[in-house]
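Q: Respectively, the protein sequence lines represent chains A and B.
In terms of this note's numbering, the first sequence has 2 at position 2, counting the first letter as 1, and numbering is strictly consecutive.
In terms of this note's numbering, the second sequence has 151 at position 151, counting the first letter as 1, and numbering is strictly consecutive.
Since the hints were derived computationally from the structure, they do not count as laboratory data.
Keep in mind that the hints are not guaranteed to be accurate.
Far from chain A by the CB rule (all over 10 Å, computed), these chain B residues [as the list claims (entries may be wrong)]:
| # | residue |
| --- | --- |
| 1 | K36 |
| 2 | N140 |
| 3 | F211 |
| 4 | P241 |
| 5 | K249 |
| 6 | D262 |
| 7 | E274 |
| 8 | D409 |
| 9 | P451 |
| 10 | L466 |
| 11 | D537 |
| 12 | N565 |
When the alpha-carbon atoms are kept at most 25 Å apart in a straight line, the in silico PhoX-like pairs for lysine-lysine are as follows [what the hints assert, rightly or not]:
| # | chain 1 | residue 1 | chain 2 | residue 2 |
| --- | --- | --- | --- | --- |
| 13 | A | K98 | B | K166 |
| 14 | B | K459 | A | K98 |
| 15 | B | K134 | A | K98 |
| 16 | B | K158 | A | K123 |
| 17 | B | K190 | B | K158 |
| 18 | B | K276 | A | K123 |
| 19 | B | K166 | B | K134 |
| 20 | A | K62 | B | K249 |
| 21 | A | K123 | A | K42 |
Each residue gets a CB set at the ideal place from its N, CA and C atoms; glycine is no exception.
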Amino acid sequence: MQRRDFFKKLGTVVAVSAVAPMMSFAADEKKPKGPNEFSYEKAVEAITDGKGAKTSSKITLKVPEIAENGAVVPVSVTVDSPMSESDYVKAIHIFATKNNNSRCLAVHLTPANGKAMIATRVKLGGTQEVAALVEMSDGTFLTASQSVKVTIGGCG
Amino acid sequence: MEISRRDFMHIAAIFGLGAATSSMASSKTPAQISLKDIYDFKATGNFTLLHMCDIHAHIKPLYWREPSTLISAPNLVGTPGFLCGESFAKHYGLEPSSLDAYFDTHMDFEALAKKFGKMGGIAHMKTYLDHVRKERGKENVLFLDSGDTWQGTGVALKTGGEAIVKAQNYLGVDVMVGHWEFTYGKERVKELIEMLDAKFISQNVVGDDSFADDYEELIFEPYTIQERGGAKIGIIGQSFPFTSTANPKEFTEGWSFGLRLDTLQEYVNELRKEHKVDCVVVLSHDGFSVDQEVARQVHGIDFILSGHTHDPSPKPIVIDGTVIVIAGSHGKYVGRLDIDAKNGKVHGYEYKLVPIASNMIPADPAGVKLVDELYAPFATEFNEVLGKTKNTLYKRDTFFSTFDQLINDAIMDEMKCDLSFTPGYRWGTTVLAGEDILMDNVYEMCGITYPNVYTFELKGSKIATLLEDIADNVFNANPLYQQGGDMSRLGGVTYSIAVANKAGTRISKLMIGGKPIDLDKTYIVSSWGGNLQNAGDNLQKDKIRAVYDVTRDYIKRQKVVDVSNKGNVTLLDYECGCPTKGSRGC
Numbered sequence: 001m002q003r004r005d006f007f008k009k010l011g012t013v014v015a016v017s018a019v020a021p022m023m024s025f026a027a028d029e030k031k032p033k034g035p036n037e038f039s040y041e042k043a044v045e046a047i048t049d050g051k052g053a054k055t056s057s058k059i060t061l062k063v064p065e066i067a068e069n070g071a072v073v074p075v076s077v078t079v080d081s082p083m084s085e086s087d088y089v090k091a092i093h094i095f096a097t098k099n100n101n102s103r104c105l106a107v108h109l110t111p112a113n114g115k116a117m118i119a120t121r122v123k124l125g126g127t128q129e130v131a132a133l134v135e136m137s138d139g140t141f142l143t144a145s146q147s148v149k150v151t152i153g154g155c156g
Numbered sequence: 001m002e003i004s005r006r007d008f009m010h011i012a013a014i015f016g017l018g019a020a021t022s023s024m025a026s027s028k029t030p031a032q033i034s035l036k037d038i039y040d041f042k043a044t045g046n047f048t049l050l051h052m053c054d055i056h057a058h059i060k061p062l063y064w065r066e067p068s069t070l071i072s073a074p075n076l077v078g079t080p081g082f083l084c085g086e087s088f089a090k091h092y093g094l095e096p097s098s099l100d101a102y103f104d105t106h107m108d109f110e111a112l113a114k115k116f117g118k119m120g121g122i123a124h125m126k127t128y129l130d131h132v133r134k135e136r137g138k139e140n141v142l143f144l145d146s147g148d149t150w151q152g153t154g155v156a157l158k159t160g161g162e163a164i165v166k167a168q169n170y171l172g173v174d175v176m177v178g179h180w181e182f183t184y185g186k187e188r189v190k191e192l193i194e195m196l197d198a199k200f201i202s203q204n205v206v207g208d209d210s211f212a213d214d215y216e217e218l219i220f221e222p223y224t225i226q227e228r229g230g231a232k233i234g235i236i237g238q239s240f241p242f243t244s245t246a247n248p249k250e251f252t253e254g255w256s257f258g259l260r261l262d263t264l265q266e267y268v269n270e271l272r273k274e275h276k277v278d279c280v281v282v283l284s285h286d287g288f289s290v291d292q293e294v295a296r297q298v299h300g301i302d303f304i305l306s307g308h309t310h311d312p313s314p315k316p317i318v319i320d321g322t323v324i325v326i327a328g329s330h331g332k333y334v335g336r337l338d339i340d341a342k343n344g345k346v347h348g349y350e351y352k353l354v355p356i357a358s359n360m361i362p363a364d365p366a367g368v369k370l371v372d373e374l375y376a377p378f379a380t381e382f383n384e385v386l387g388k389t390k391n392t393l394y395k396r397d398t399f400f401s402t403f404d405q406l407i408n409d410a411i412m413d414e415m416k417c418d419l420s421f422t423p424g425y426r427w428g429t430t431v432l433a434g435e436d437i438l439m440d441n442v443y444e445m446c447g448i449t450y451p452n453v454y455t456f457e458l459k460g461s462k463i464a465t466l467l468e469d470i471a472d473n474v475f476n477a478n479p480l481y482q483q484g485g486d487m488s489r490l491g492g493v494t495y496s497i498a499v500a501n502k503a504g505t506r507i508s509k510l511m512i513g514g515k516p517i518d519l520d521k522t523y524i525v526s527s528w529g530g531n532l533q534n535a536g537d538n539l540q541k542d543k544i545r546a547v548y549d550v551t552r553d554y555i556k557r558q559k560v561v562d563v564s565n566k567g568n569v570t571l572l573d574y575e576c577g578c579p580t581k582g583s584r585g586c
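All chains should be built: construct the whole structure from the sequences, respecting the hints.
A: Below you can see the structure in the form of structure tokens.
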């Protein structure tokens with residue numbers, strides 16, 4: 001891969017993360033609807049082209065059971081992959097399954113990334129499942145999810 | 001009231017205790033029980049870990065009644081961590097009316113309190129600790145503290161925790177972790193650690209402020225390695241994982257907590273592979289049921305010395321090779337764990353939960369002197385008699401306890417609100433029927449660094465959602481999603497609850513002021529000790545006052561308080577407060 005290509009790809013990654021809004025307060029009617037605005041189920045259907053995804057232990061999804069602050073919940077996704085030309089992770093999507101705009105982040109990868117790992121923070125509107133959807137180079141999709149509790153009060 | 005022989009046989013038959021074994025004979029009076037019975041222990045191995053947890057700053061002896069209701073999700077009912085009263089006695093084979101039954105359960109509490117007297121106190125605890133140190137050799141003993149030590153009494157509050165650090169130094173604590181400690185604020189915590197002889201360790205507190213030097217760095221040492229009896233002991237610290245949600249965030253701004261089981265596993269591996277320790281101990285404030293889950297998920301831990309949920313567990317539990325113990329609360333117990341470990345392996349152990357029966361274990365004079373000195377500056381305020389109580393005032397139970405009701409009554413009376421919330425903490429005190437209520441007792445119930453009672457408006461729909469949310473913190477079937485407290489106590493409210501229902505559908509027949517809740521109506525709510533005011537509107541700033549002042553004034557006005565033990569919550573899916581395993585009844 002050329003250095004220029006790499007930066008181009010890197011640019012794409014940054015751009016995608018930057019335009020993926022964590023929350024939008026009002027649906028913009030004029031904007032064409034994409035996976036960011038879909039409900040979780042619809043977004044998965046659109047991204048996987050109706051194929052759906054298989055739950056996989058190859059994905060390590062790290063997210064706290066109980067959020068310390070629902071506005072910034074740390075999430076990291078690592079996929080066990082050789083990241084070789086013939087077998088690599090093409091994309092990782094992170095969902096807050098019950099947020100109005102459920103997709104929080106989409107990152108596209110190439111073998112040049114060397115490791116299929118991303119970490120970010122997402123905003124959760126309430127207690128819900130956080131899910132990772134992973135696109136593999138062979139066109140299959142894997143998924144993993146975990147429930148995160150967003151709570152106002154606790155007890156001592 | 002003495003239990004007659006016939007009553008005893010009747011109870012024994014119910015519990016199937018005919019062949020119960022206990023180190024204490026059933027109806028021995030204090031005079032008949034010798035120190036030998038309490039100290040009796042089959043010494044084992046090359047070193048001893050002494051353990052206390054959740055003493056909540058009780059440096060003087062107190063009365064402390066264990067819960068008569070301890071309800072959980074059906075899958076957890078009757079398992080250690082969710083045992084009380086009859087089901088506790090049955091599980092552990094306690095004899096009715098024995099010293100153990102008095103310490104471990106609520107059954108016949110008032111009569112047994114008269115018989116056996118107060119519990120705990122550092123002067124009595126020290127006598128026992130020194131007995132073990134003498135028996136085993138000082139160099140073979142470690143004293144570990146699972147936290148919730150610095151907070152819980154007036155003397156702790158007024159000295160910003162310092163009185164209790166002095167008590168820990170006197171007792172000879174070697175290592176500790178924290179939870180309520182953090183409510184003194186980060187800076188004060190650091191000052192107190194400077195004064196503390198013990199090491200303060202935690203692998204699960206990490207810098208969270210990306211502009212600070214400690215971003216993503218550990219705030220405390222994650223573990224310590226101690227040598228005792230020729231063995232290398234690796235001790236990993238686990239502070240309360242949910243400190244930043246259970247207590248106000250501002251105290252720990254910039255620090256992140258959490259269970260952090262992945263790094264816990266890494267430290268276990270590091271201790272074993274790099275440091276070649278003989279024994280891996282996790283000193284924990286996770287809670288008894290959470291630590292059972294930790295033992296399932298993290299491999300290679302020999303012992304977890306647990307805390308937070310205040311369970312007295314006379315026997316250890318073993319999960320996937322990890323032995324878990326927990327030593328009650330309020331200074332009532334010291335856990336003694338003798339371990340045989342060498343060549344990187346634990347070969348055996350022996351455990352006993354030792355009741356610190358302060359009428360039987362003599363006080364160490366130096367401890368009495370220390371306590372007197374620490375209390376002297378506040379004697380006039382703390383010893384003021386505010387009134388009397390007709391019935392026993394206690395704290396604990398899943399939904400309701402009498403001292404909480406008294407606090408709610410005081411808040412409702414002064415704040416003229418529609419309903420009030422009092423937090424479901426598990427620390428506090430017990431005042432026996434007919435006794436004086438001292439200002440010291442009020443601090444023992446609500447002496448916190450954020451004592452304000454806030455009065456504000458909440459919509460009915462929000463109140464209903466909040467209650468469901470709190471219920472799910474208490475009754476979630478997965479211990480990792482619980483926070484280890486009890487339901488918030490409500491004044492002016494009655495409701496029914498089906499604990500086994502799905503989250504969001506547990507509560508029904510919610511009534512405020514005797515009328516069904518109107519989801520669209522705005523109610524005036526008073527609360528303290530939580531974050532509820534952040535969810536409300538139109539905070540009445542002129543009414544803000546410390547809960548201990550509100551409670552003091554109310555008791556003084558009442559002179560004699562009469563709070564019945566008839567709760568305000570109807571439990572729909574269990575027949576009693578202490579159900580046994582696999583059942584909905586007792």
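Q: Are the hints correct? Go through all of them and say.
A: Verification of the supplied hints:
| no. | hint | result |
| --- | --- | --- |
| 1 | K36 | holds, 38 Å |
| 2 | N140 | holds, 35 Å |
| 3 | F211 | holds, 14 Å |
| 4 | P241 | violated, 8 Å |
| 5 | K249 | violated, 7 Å |
| 6 | D262 | violated, 7 Å |
| 7 | E274 | holds, 24 Å |
| 8 | D409 | holds, 21 Å |
| 9 | P451 | holds, 13 Å |
| 10 | L466 | violated, 7 Å |
| 11 | D537 | holds, 15 Å |
| 12 | N565 | holds, 21 Å |
| 13 | A:K98 to B:K166 | violated, 50 Å |
| 14 | B:K459 to A:K98 | holds, 23 Å |
| 15 | B:K134 to A:K98 | violated, 60 Å |
| 16 | B:K158 to A:K123 | violated, 39 Å |
| 17 | B:K190 to B:K158 | holds, 18 Å |
| 18 | B:K276 to A:K123 | violated, 42 Å |
| 19 | B:K166 to B:K134 | holds, 22 Å |
| 20 | A:K62 to B:K249 | holds, 22 Å |
| 21 | A:K123 to A:K42 | holds, 20 Å |
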